[in-house]
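Here's the letter readout for the chains.
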Amino acid sequence: MRGSSPRMTAKNHQSPPYISKMRPQDILMPVPAGLCCKPGGFHIDPVRPVERAVITHGHSDHARPGHGAVLATQETLDMMRLRYGDNFAGSTQAIGYGEEIKLGDVTIKFHPAGHVLGSAQIAVSCKDICIVASGDYKDAPDPTCVPFEVVTCDVFITEATFGLPVFRHGDAAVEVKKLLASVALFPERAHLVGAYSLGKAQRVIALLRAAGYDAPIYLHGAMEKITRYYESRGVKLGELRMVKGVKKADLAGTITLAPPSATSDVWTRRFPDPVTAFASGWMRVRARARQGGVELPLVISDHADWDGLTSTIDATGAREIWVTHGQEDALVHWCKTKGLAARPLDLVGYGDEDEGEAPVAEAEA
Amino acid sequence: MNRFAELLDRLAYEPGRNNKLRLLANYFRATEDPDRGFALAALTGALSFKHAKPGLIRDLIADRTDPVLFALSYDYVGDLSETVALMWPKAAALSTPSPACGGALGWGSGRLLSGEKEPPPGSPDSASALPDDPTSPASGRGDELSHHLHNNPPPPTLTEVVTTLRTLGKTELPKQLARWLDELDETGRWALLKLVTGAMRIGISARLAKTAAAALGDKDPHEIELMWPGLKPPYLDLFAWLEGHGEKPVNLDPAPFRPVMLAHAIEDADFAHLDASDYIAEWKWDGIRAQAVAGRDQSGNTVVRLYSRSGEDITKSFPDLLPSLHLAGAIDGELLVLRDGRVQTFNVLQQRLNRKVVSPKLTKDYPIHLRAYDLLSEGDTDLRELPFAERRAKLEAFVKQLDDPRIDLSPTIPFDDWQALAAARADPAAAGAGEDSEAVEGVMLKRRDAPYLPGRPKGQWWKWKRDPHIIDAVLMYAQRGHGKRSSYYSDYTFGVWTKGEDGEQLVPVGKAYFGFTDEELLQIDRFVRRNTTEKFGPVRHVVHEPDQGLVLEVAFEGLARSPRHKSGVAMRFPRINRLRWDKKPGEADRLETLEQMLKSEISPPSAATSDH
Ligand SMILES: [Zn+2]
Ligand SMILES: [Zn+2]
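Chains as they are written, first to last, in my numbering: chain A, 3 to 367; chain B, 14 to 625.
It cannot be assumed that every hint is accurate.
Among the chain A residues that face chain B by a calculated CB cut under 10 Å, a handful are [to be verified]: (1) 90; (2) 130; (3) 166; (4) 183; (5) 184; (6) 191; (7) 265; (8) 309; (9) 335.
Facing chain A, a subset of chain B residues (Cβ under 7 Å, in silico) [claimed, not checked]: (10) 26; (11) 27; (12) 31; (13) 81; (14) 82; (15) 85; (16) 89; (17) 90; (18) 91; (19) 100; (20) 495; (21) 499.
Restricting the straight-line Cα-Cα distance to at most 25 Å, the calculated cross-link-like pairs of lysine to aspartate or glutamate (DMTMM-like) are [said to hold, decoys possible]: (22) A:249 / B:531; (23) A:250 / B:538; (24) B:103 / A:331.
Simulated from the structure, these hints should not be mistaken for lab results. Think of the CB as a built atom: it goes at the ideal place given N, C-alpha and C, for glycine as much as any other residue.
All chains should be modelled from the sequences, with the hints used to inform the complete structure.
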């Protein structure tokens, strides 16, 4: 990126012929700092400060502060600024979906990942090999972000957060109906919905609106900034109110969104006989849902489920699959039964902010 | 079926009794006949069909999934029915390639080209271009849509499942199950598998389900309990009556349950208003309250049933008692295990509870016995309107006539005044209970002139328990509660002092999670949060030094030796009696005190010892 590198609109065909036959691992390879692209001179979603970082999306485990230069979508850059302050990186450059840029000997291009607002897959091409680092992604509909796009490639790097065939997320609208049915059945109780602050919360709100729920929706203070940011990017969420300072009795019959850790803490005592809901792909498995004392599990995920992972792998046409954070074993096994080369990619440090990390009961505010 | 599955699903997560009732009543109100009736039958355990073996379910899934993926999934989920429900492949007609994946491929402009349904994705220079209307369908998989498109058969109703299972032959079962599993969603499949394997444990009692049904017509659940043995699934007559468009069903059952009469706990202050001569006293036995009913059906056969105090039919658990009930009548009494004429402790009796199979060995090692204390009917005559003293006389004659070693009379305790009764209660062994005194929990007081009234009528029956054991212990660890209590540290491990290798140390002697008031819970919770020394997952170590920490006054019902506990003792029903903010942990009790108490208790036979 070099601060002012010109935007590339076509692939550069004059790369020096220094390597006759390139292998994918010569282009991208896992190192302790993250996924390193040597010929391009950058890291993707580095977990340690690096000179040049290309970032897929704004979740804090993927987007960390302290890099020299950062290339990401405008939304991801804005989210990093919201979280870390103006000086989160030495320099920044925004890139849009469908845009190409030449970095060193490689060309990279951003494609929508459908995970959260501004989330991107990064296609890295060098000579005639194309590798897609998809970051976190989902292929299910989400009114708060641009839909996932399949990118054909030679090597596809996929997450495996829900990489077991038991994870099938179904239609999120049906889950929201379940929540609304409960609100109707228990009008004297408050409904508390645990949802990750970036992405999940806004999606649940949008789904509630789509289901025709037009009462004010209440928010935990920790969600205000990011939710207002979504609104500023044109995501319509209806009337939102901060729950702070609202009288207990006035919260009967209302819906409040809060970070998962808050729903099992002293904070909940301000609500009248709350029904504790939790919106997450983990809610598919009962033992997991019970762990945190959840009374109304809502299977709503920002990650692809098993069917989504496998059909996406199929559709990319990739002959080689690298599997990162999550249940790598099962997905690698599945790939092999389909005749694809597959291996787990040992990357550490992911899955801390969003549901990549399973919920734990003990999470103090 | 999907709807019933949704109900089960929700009930499984809901901890509050009243909320469960609301969910159930709402289901009965919103669901048609006969589905709701079969649901009530499923919830009360009134359905009978041959259950599918887990092996059959395993075979079905093995035919459809990769063994490695199944093993990894089962390992993760930990429950066979749930694993199968979740990973059951979608029926062939449903597995169309997802629209998102059929979208634009390659390095083009980044637009999805194919989808008629896809909204415009982001413009090339900005990721922020979103569908203006968040409700517009985005790309992706739409289960409902494909369901319509492919004209799949509708999922089975609960009625269809239940009626089919009743008549289905063993060889047809796998095919039929597979067909249903194809048609149902994840929750539906889970409920179906739980139902057909007979493993539908969702934490609600038959009584609760009946109470919810009663709420439909604003009726007393006792009324349903009374007519219940005469009713059959899908209970069309019951629901018609509850909704006000049918006659009240009559109970033609020859051995019906009669709602039981319960006692109030007596307080010291109550005695001032009571005249000792108005009452008959009996021992309060530490067994299981039961109603044993025998009657003759229309063809003259004897029907015998045993009911729990809530009216659940527990006949199957005690086949060894049934032959003894050979005279028509309804006895109210206590189930006890007797060996050589001696009443065993509750620990021993426990071996007879919650058994799926009642083996001859079990009935031989733990012979069941009924200690009778009331007679509610004799022949066809209802005795419940009679004063207790008259019923008691009839009971004595009835038991004599039965003339069976498994059924005896609960003896009365002679007393002239409350002091005499207090003395008997303090030392049951000396006051007539003899060797059975370890199974005595206290005394019962029954008004001589009291009719047998359902529920807990004021001033008729009193229970006067023996003083519970009390010790002062020190709070050591705290854990979060469940459900409503999940934001509080409400489960406490407490210890007493003993001499260890490093001098004086606390050894844990029990766990308690009730007994305190809401206000006390707040106080303990605050104390725990401010005095945590270490966190281990959900467990907090709370400061417990001789001069720093919280002293809990713990009450408990009994003690037993337990090699499984580090302290060597196990408490029965420990609870937090009081918070002793006035005491320093150094002043708490020592293990020796408990050992002393243990010696004065008569230890149960070692073979049957179990702490609970
Ligand atoms: Zn993420
Ligand atoms: Zn991630």
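Hint check results:
1. 90: violated (19 Å)
2. 130: Violated, because the Cβ-Cβ distance from residue 130 of chain A to chain B comes to roughly 12 Å (cut-off 10 Å).
3. 166: holds (5 Å)
4. 183: holds (9 Å)
5. 184: At 8 Å from the nearest chain B Cβ, residue 184 of chain A passes the 10 Å test, so the hint holds.
6. 191: holds (8 Å)
7. 265: Where the cut-off is 10 Å and the nearest Cβ of chain B is about 8 Å from residue 265 of chain A, the hint holds.
8. 309: Residue 309 of chain A check passes; min Cβ-Cβ to chain B is 7 Å, inside 10 Å.
9. 335: holds (5 Å)
10. 26: Holds. Min distance 5 Å.
11. 27: holds (6 Å)
12. 31: violated (10 Å)
13. 81: Nearest chain A Cβ about 5 Å off; hint holds.
14. 82: OK, holds: residue 82 of chain B within 7 Å of chain A, min 5 Å.
15. 85: holds (5 Å)
16. 89: Holds, about 6 Å.
17. 90: Constraint on residue 90 of chain B satisfied, holds at 6 Å.
18. 91: At 6 Å from the nearest chain A Cβ, residue 91 of chain B passes the 7 Å test, so the hint holds.
19. 100: This hint holds: residue 100 of chain B lies near chain A, its Cβ roughly 4 Å from the closest one there, short of 7 Å.
20. 495: It holds, given that the least Cβ distance between residue 495 of chain B and chain A is near 6 Å, below 7 Å.
21. 499: holds (3 Å)
22. A:249 / B:531: Holds: residue 249 of chain A and residue 531 of chain B sit about 21 Å apart, inside 25 Å.
23. A:250 / B:538: holds (21 Å)
24. B:103 / A:331: It holds: about 23 Å lies between the C-alpha atoms, which stays within 25 Å.
Violated hints, listed in ascending order, are 1, 2 and 12; each of the other numbered hints is respected by the structure.
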